[in-house]
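J.: One-letter residues, chain by chain:
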Amino acid sequence: MPDRAASSRLAFAPGFVLLGAALLVLPHLLSLSQKEVLVLLVINVLLVSSYRLLTLTGEWSLAHAVIMGIGAYGAALVSKDSGWPVPLAMLVGASIAAFLAFLLSFPLFRMKGFYFLIGSFAAGEVIRLVWKWSELTWLFGGPKGIKLIPPFPDIESLSIDFYDPVNYYYLCLVVVAVSLFILYRVERSRIGLTFHAIHWQDKLAESVGVDTFRYRMLAFVISSFFAGLSGALYAHYIGVVNPNRFGVEEMTYILIWAIVGGTATFYGPILGVVVLTILNEVVLRAIGVDEMRPMLYGAVLILFILFLPNGLESLVPKIKQWLSRQKPKGVVANSQ
Amino acid sequence: MSLELFLQTAMNATYAASYMALIAVGLVLIFGVMGVINFAHGELYMAGAYAVVALYAGMGLNFFVAVVIGLVFVGLLGLLMEYALFRPLRDNPLGGLIASIGFLLILQTIAVLGFGVQMEHVPPSTQGKIVFSEGVVITYQRLYVIVTTVVLLTALWLFLRKSKFGWALRACAQDREAAALQGMSINTTARIAMFIGAALAGIAGALTAPLVAPTPYMGHPVIITAFIIIIVGGVGSLEGAVFAAILYAFVNTFVTTIYDGTLANIVGLLLMLIVLILKPTGLFGVKERA
Numbered sequence: 005m006p007d008r009a010a011s012s013r014l015a016f017a018p019g020f021v022l023l024g025a026a027l028l029v030l031p032h033l034l035s036l037s038q039k040e041v042l043v044l045l046v047i048n049v050l051l052v053s054s055y056r057l058l059t060l061t062g063e064w065s066l067a068h069a070v071i072m073g074i075g076a077y078g079a080a081l082v083s084k085d086s087g088w089p090v091p092l093a094m095l096v097g098a099s100i101a102a103f104l105a106f107l108l109s110f111p112l113f114r115m116k117g118f119y120f121l122i123g124s125f126a127a128g129e130v131i132r133l134v135w136k137w138s139e140l141t142w143l144f145g146g147p148k149g150i151k152l153i154p155p156f157p158d159i160e161s162l163s164i165d166f167y168d169p170v171n172y173y174y175l176c177l178v179v180v181a182v183s184l185f186i187l188y189r190v191e192r193s194r195i196g197l198t199f200h201a202i203h204w205q206d207k208l209a210e211s212v213g214v215d216t217f218r219y220r221m222l223a224f225v226i227s228s229f230f231a232g233l234s235g236a237l238y239a240h241y242i243g244v245v246n247p248n249r250f251g252v253e254e255m256t257y258i259l260i261w262a263i264v265g266g267t268a269t270f271y272g273p274i275l276g277v278v279v280l281t282i283l284n285e286v287v288l289r290a291i292g293v294d295e296m297r298p299m300l301y302g303a304v305l306i307l308f309i310l311f312l313p314n315g316l317e318s319l320v321p322k323i324k325q326w327l328s329r330q331k332p333k334g335v336v337a338n339s340q
Numbered sequence: 107m108s109l110e111l112f113l114q115t116a117m118n119a120t121y122a123a124s125y126m127a128l129i130a131v132g133l134v135l136i137f138g139v140m141g142v143i144n145f146a147h148g149e150l151y152m153a154g155a156y157a158v159v160a161l162y163a164g165m166g167l168n169f170f171v172a173v174v175i176g177l178v179f180v181g182l183l184g185l186l187m188e189y190a191l192f193r194p195l196r197d198n199p200l201g202g203l204i205a206s207i208g209f210l211l212i213l214q215t216i217a218v219l220g221f222g223v224q225m226e227h228v229p230p231s232t233q234g235k236i237v238f239s240e241g242v243v244i245t246y247q248r249l250y251v252i253v254t255t256v257v258l259l260t261a262l263w264l265f266l267r268k269s270k271f272g273w274a275l276r277a278c279a280q281d282r283e284a285a286a287l288q289g290m291s292i293n294t295t296a297r298i299a300m301f302i303g304a305a306l307a308g309i310a311g312a313l314t315a316p317l318v319a320p321t322p323y324m325g326h327p328v329i330i331t332a333f334i335i336i337i338v339g340g341v342g343s344l345e346g347a348v349f350a351a352i353l354y355a356f357v358n359t360f361v362t363t364i365y366d367g368t369l370a371n372i373v374g375l376l377l378m379l380i381v382l383i384l385k386p387t388g389l390f391g392v393k394e395r396a
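Chains as they are written, first to last, in the working numbering: chain D, 5 to 340; chain A, 107 to 396.
Honestly, the hints are just simulated from the structure, not real lab data.
Treat each hint with caution, since some may be false.
Stated by the list, open to error - Residues of chain D placed beyond 10 Å of chain A at every Cβ, according to the derived structure:
{"no.": "1", "residue": "Val41"}
{"no.": "2", "residue": "Pro91"}
{"no.": "3", "residue": "Tyr119"}
{"no.": "4", "residue": "Ser138"}
{"no.": "5", "residue": "Val170"}
{"no.": "6", "residue": "Asn171"}
{"no.": "7", "residue": "Val179"}
{"no.": "8", "residue": "Trp204"}
{"no.": "9", "residue": "Ile291"}
{"no.": "10", "residue": "Arg297"}
{"no.": "11", "residue": "Ile309"}
{"no.": "12", "residue": "Val320"}
As the list claims (entries may be wrong) - A partial selection of chain D residues facing chain A, derived with a Cβ cut-off under 10 Å:
{"no.": "13", "residue": "Arg114"}
{"no.": "14", "residue": "Val130"}
{"no.": "15", "residue": "Ile260"}
{"no.": "16", "residue": "Pro298"}
Even for Gly, the Cβ is constructed at its ideal location relative to N, Cα and C.
Model the full structure from these sequences, guided by the hints.
T.: Below, the structure written as structure tokens:
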């Protein structure tokens with residue numbers, strides 16, 4: 005087994021190098037507005053991947069957008085009011101999101117399935133309304149939110165200016181790559197396998213001594229930390245956070261990305277967010293029917309769900325199969 | 107709080123409870139029979155309101171004729187959803203959820219393209235009102251909503267309890283396969299449930315169109331409130347939905363009148379969280395099937 009894993013990892017290595025190179029070159033091929041979309045896309049990759057970790061335990065939360073917002077608000081407040089350095093503020097924001105998730109676990113994991121879905125929604129909405137509440141405007145800025153959030157500090161010795169979306173993109177790329185690596189390792193660890201066990205056989209897992217509550221809580225806390233981190237990356241890029249940014253609309257987007265991509269594999273949700281963002285921001289924008297965009301997007305969603313019910317990820321094995329069938333011909337062509 | 111203000115607030119709460127009950131009962135009916143959460147339910151309500159905007163405010167048709175056409179129109183939209191979306195996705199509740207989000211976006215865009223994003227003004231169909239005293243007044247327009255709700259929900263209750271279709275509908279909600287084995291057509295019951303559920307949302311929108319300012323996005327807060335109501339009442343329980351609508355409307359209206367709207371929303375959500383923590387299946391709900 006270990007041999008096979010190592011060899012398959014080796015087989016992937018050239019692919020990763022190619023992907024890395026493509027991601028480094030990519031922003032230089034885009035227009036300014038597309039560069040900005042690209043930064044948000046990288047942030048959303050982290051958001052939806054962190055969401056998947058929670059779905060491993062079989063629970064679908066509707067609070068994830070708000071959790072992202074907690075990271076954003078936390079980082080914004082800590083860096084603006086307390087004057088903490090931005091990189092530290094980002095980690096503090098993410099940690100606040102993780103800590104609130106820890107607290108929310110106690111009421112929320114009394115519920116399961118549909119009830120958890122709606123319960124998490126209610127908890128998230130309460131937090132969002134607290135941000136909006138007029139009594140707390142001095143802290144959270146009410147419906148208008150927090151403005152003038154300090155940007156990520158420039159590295160003057162290397163003259164790297166993070167106001168430039170390309171540089172911020174590289175920063176996000178590093179943060180997200182490290183985060184994805186951690187999320188991947190967690191899933192492949194004993195803990196991740198326990199998450200799977202809870203999803204498919206929670207009574208059996210309990211009967212062999214797994215504390216399902218603690219593992220659900222752990223999944224929620226880890227997932228929330230990285231969602232909070234994505235929120236912090238967002239806040240210091242855009243410079244403004246407000247309650248509506250993290251509302252139901254954002255949450256439906258997360259759900260859509262995850263379900264259209266599929267959650268059975270690590271790359272499924274990433275496929276979902278990448279393909280749908282390109283469709284929405286590039287293809288539909290190019291057609292030039294801005295008012296009709298939500299309608300076309302809705303139609304695309306329906307078509308995806310009707311014809312690819314197992315997500316975009318279900319296409320990957322089929323493409324692999326198709327490629328391996330083409331390969332022998334290619335080898336012959338090369339040798340000649 | 108003076109007695110007059112108390113009575114007036116109670117009256118307002120009764121009105122709010124009425125149309126929310128119509129919407130929530132439709133949502134519960136669809137969830138019970140089809141097993142999907144219809145995210146587009148708020149947009150069905152919006153479609154009902156826009157039927158009145160077009161037919162009554164625009165073309166000058168009689169208000170009640172417009173309301174009836176709106177009811178049938180939205181019911182047909184429900185049939186379309188059943189046929190095109192929920193039937194192919196029958197064993198895929200998350201898929202049904204996403205498909206209904208797609209349908210919601212389509213309906214919203216149609217409203218934007220047809221009418222624009224601005225608020226529509228629908229003139230009241232009557233100026234009549236009942237004056238109990240100086241500070242306690244109810245307009246006929248609101249009374250229509252309350253009376254219609256009572257009549258329709260009573261009729262629905264009788265239909266579900268007494269008629270053969272009602273038995274089939276409830277059987278399908280309990281156990282779809284067993285019902286099919288007993289010779290009930292799942293497709294027919296699904297169609298009936300979708301038509302009734304959608305039409306209830308449609309008539310709620312049509313009747314309240316002169317009282318709220320319709321916009322293409324008016325369904326959004328409504329669906330959130332409807333979710334809260336069906337959770338508090340217990341998913342799948344029609345009686346629970348009605349009870350929870352009344353409870354929620356009274357709490358919400360009174361807190362709004364005494365304090366402010368945001369706090370009222372927070373209290374409503376906390377109410378739901380408390381119910382979920384104490385009785386995770388809702389006030390009237392039964393334990394979820396494994």
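J.: Can you give the numbers of the hints that this structure goes against, from lowest to highest?
T.: 3, 4, 10, 11
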